[in-house]
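Protein chains in written order, with our numbering: chain E, 1 to 410; chain U, 1001 to 1232.
A couple of the hints might just be wrong.
Sample of chain U residues facing chain E (criterion: CB under 7 Å; computed from the structure) [unchecked claim]:
no.	residue
1	L1060
2	Y1069
3	A1084
4	V1115
Derived EDC-like pairs: lysine to aspartate or glutamate, alpha-carbon spacing no greater than 20 Å straight-line [claimed, not checked]:
no.	chain 1	residue 1	chain 2	residue 2
5	U	K1009	U	D1061
6	E	K313	U	D1061
7	U	K1144	E	D13
8	E	K242	E	E222
9	E	K92	E	E166
10	E	K233	E	E129
11	E	K251	E	E271
12	U	K1126	U	D1142
13	E	K251	E	E222
14	E	K233	E	E58
15	E	K92	E	E129
16	U	K1023	E	E406
17	U	K1144	E	E314
18	E	K313	U	E1173
19	E	K241	E	E222
Hints listed in this document are in silico derivations from the structure and should not be mistaken for laboratory results.
All C-beta atoms, glycine included, are put in the ideal place defined by N, C-alpha and C.
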Amino acid sequence: MAAGVFLTQMMRDMKSQKLRTFLTVFGILWGTASVILLLAFGKGIHAQQQKAFRGMGEYIVIMWPGRTSMAYQGLARNRQIRFREEDATLMKRQIPNIGLVSPEYTLWDAKGRVGKTEKLMRVTGCWPEYSPLRNIIPQMGSRFINAEDMEQRRRVIFLGTSLAEEFFGEENAIGRIVLVNGVPFKVVGVMRQKEQDSSYNGRDTHKAFIPSATFKAMYGYEYVNNIVFKADKPAHTERVKKGAYDVLGAKYKFDPDDEEALAMWDTTENEQFFSTFFMAFRIFLGVIGAFTLIVGGISISNIMNVVVEERTKEIGIKMALGAKPRFVMSQFIFETLTLTAIGGLLGFAFAVMVVSVVPSFNVEDYIGTPEVSTSVAIVTLSILGFIGLLSGWFPARRAARCDPIEALRL
Amino acid sequence: MSSNGSIIKLDHVHKVYDTGKIKVEALRGVDLDVRQGEFLTLVGPSGSGKSTLMNILGCLDSPTEGTYYFRGEQVQGLSLNRLAEIRNRRVGFVFQNFNLLPFSTALENVELPMVFGGVPTRERRKRGEEVLERVGLGDRMDHKPTELSGGQMQRVAIARALVNHPDLILADEPTGNLDTASGQEIVNLFEELWKAGHTIMIITHDPNLPMRTERTLHMRDGSLHNGNGEGQ
Chain E
1 MAAGVFLTQM
11 MRDMKSQKLR
21 TFLTVFGILW
31 GTASVILLLA
41 FGKGIHAQQQ
51 KAFRGMGEYI
61 VIMWPGRTSM
71 AYQGLARNRQ
81 IRFREEDATL
91 MKRQIPNIGL
101 VSPEYTLWDA
111 KGRVGKTEKL
121 MRVTGCWPEY
131 SPLRNIIPQM
141 GSRFINAEDM
151 EQRRRVIFLG
161 TSLAEEFFGE
171 ENAIGRIVLV
181 NGVPFKVVGV
191 MRQKEQDSSY
201 NGRDTHKAFI
211 PSATFKAMYG
221 YEYVNNIVFK
231 ADKPAHTERV
241 KKGAYDVLGA
251 KYKFDPDDEE
261 ALAMWDTTEN
271 EQFFSTFFMA
281 FRIFLGVIGA
291 FTLIVGGISI
301 SNIMNVVVEE
311 RTKEIGIKMA
321 LGAKPRFVMS
331 QFIFETLTLT
341 AIGGLLGFAF
351 AVMVVSVVPS
361 FNVEDYIGTP
371 EVSTSVAIVT
381 LSILGFIGLL
391 SGWFPARRAA
401 RCDPIEALRL
Chain U
1001 MSSNGSIIKL
1011 DHVHKVYDTG
1021 KIKVEALRGV
1031 DLDVRQGEFL
1041 TLVGPSGSGK
1051 STLMNILGCL
1061 DSPTEGTYYF
1071 RGEQVQGLSL
1081 NRLAEIRNRR
1091 VGFVFQNFNL
1101 LPFSTALENV
1111 ELPMVFGGVP
1121 TRERRKRGEE
1131 VLERVGLGDR
1141 MDHKPTELSG
1151 GQMQRVAIAR
1161 ALVNHPDLIL
1171 ADEPTGNLDT
1181 ASGQEIVNLF
1191 EELWKAGHTI
1201 MIITHDPNLP
1211 MRTERTLHMR
1221 DGSLHNGNGE
1231 GQ
C-alpha cells in the first residue's frame, strides 16, 4: 500500500541527513550489540564455570569420617569414625534414593615407573562407579575399571591425562605396563582431557586409578579414605545425606544428628550458589545492556521529534490533501521501526561476528565460549521492537495531531 | 454537467478564535450558496476573514457557530478522518506558495492525494500522467519543483488538485507568487477547467481577476457582501 511511498520518503531523508541517520542507527546498533554480547558472554562464562566445576563431578557428595561430638548410647564423645569399603555397599543397599556410590582409597606418593621414566603419583582405589561420579571419562579406545577387574582383583590401571603423557608421550598407552612401587599394572584406559577447578586430593589428570579390590589386597588398607556418592536426582541430595547419617550412625553408634561424625562436601550447594550468582550476574548484565538500548531508543525518539518538527510543513500539505491522522502516524512509526530494525540487525550481526571470532583468541579457559542463544536473540529483538514502537509513538502522535492550517503557514 | 445542484451551503457561520485573553471574531454570520459549475472569486482586504472562510470551506477548520453543508452533508461535528476524506476526494486545494513536496517529482506530487485515497499504484501513475498532460506538463513529469518555473509549479499544484475529481477547487491567491504572464496563464487554465465543468473558487487580491469570473464575493470584517446572486 503506502509502504512504497514511506520508503521512498525515508530514503530521501536518510540521504539528506547522513550523519544524523548514521548516529541514530549506531545508537541502536550499539545497544543491541551490548545486550547480546553481555548476555552471550555471561552465558559463556557461566557455562565455562559450570563445566570446570563439574570436572570434579556433578551433584556429588564427598564424605569423610569425622569425630563424634555427642555422647551416644553410653559411648563417650570424641570417638574417631573410620570407613570400610563395605560401608559403601551398606549405603547403596540401605539409603533410599541413593544413586551411584564409590569408596576411595588413596595411596599418596606411589612410585610409578615406565622404562626409565619415574614419577611420584597418587593412586586411587575405587569402584567402576567412580568414573561417572567424578566425570572421569576414558579416551576413545580405552576403558575405566570394570566389574571383572574388581572380581578378579586384576592389576589394571587407568591413567590421568597428564600422567599418561608424561609416561608415554605421544605413544598409545593402552596395553602398556606401569610399575607401581615395583609391581606391574597393565594400562586399560587413559582419561579424556577435562576442565577441573575444584578437587579434594589433587587433580584427576595427575592421578592413577586401580580397582579397590586390587588396592585392598595389595596394600592391606583396612579403611578407605572417603566415600563419594550422589542421589538419584539432585533434588534428593539432602535426603540421601540424612540417610548416610542414619545408616552409618546405626553401624558406628553415633547420634544421627551429630554433624561432626561425618564431614561432607555437598557440591550441589556450590551448584546452587553459582546458579544463583550467575543468574544475578546475567540479570545485571542484561539490565546494563537494556539501558544502553533504551538510551538508543531515546535518541531515536529525539531525532524523530526533530524530523517531525522539520517536516511540519510537509505534514500540513499532506493533511490538506486528505492524509488521515493514521496515515501520518504510520509514516513516522514506520520510519522509526525501520531505523530500529536496521540498527538492530547490524548490532545483531556485529555481536554474532564478535562471538564467532572470540574462540580464535584461545581464551576459552578464562571466559568460556560466548553463545548467542535463541532466547537471547528473542529477548533482545522483542526489547528492540518495543523500544522502536515506543520511541516512534510519541513523535508520530505529535505529527498526527498537528493542525494543518498552522503547519501550512510555515 | 453544470446542473444547479448545491455544493456548498453556509448558514450563519461564525468563527471565533479564542486566544484566552481576547476573542477574535473572524467570521460573523456568513451565508453562502455555491452551485455546481460556478466560477467565483472571493476578494477582500487582509484580515477580513477570507482565509478563515477558505479553511472552513476546505474542511480544514470548522465553524464555531452556524451550519455548513458540503454536498448536503453537515460538516461540523464530523470526525477528523471523515474531514480528511472530504478534503481528499471532494476538495482540490491550490495555494499561493504552491505547497509542493520539494524532494518529490511533479508526478509524485500529483500522485499524493491518490496515495491517501488508496488508489492502486498503476492507476495512480496513469491518472497522474493524464492530468499532468492536461495542464501542459507532459514533458516535465519527472522534474522536481526546484527544476520548474513558478507557473509550472502552480500547474503541478492544479494537476494535484484535479486528480481525485473534486467537487470544488479552492485556490488561495493562486497568482500571488507569479509574474503577470504566468499568472495570466494560470487564470486561463482555471477558465478552461471551469468550461470543462469544474466548480472553482478563487481567493484573490488581484483586481483584474473578478472580471473573468461569474460571480464575485466581497469579504469585509468577517461578513460577506454581494453574496448570493449579485454579480451574476
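Mind listing which of the numbered hints don't hold for this structure, in increasing order? 2, 8, 9, 11 and 19
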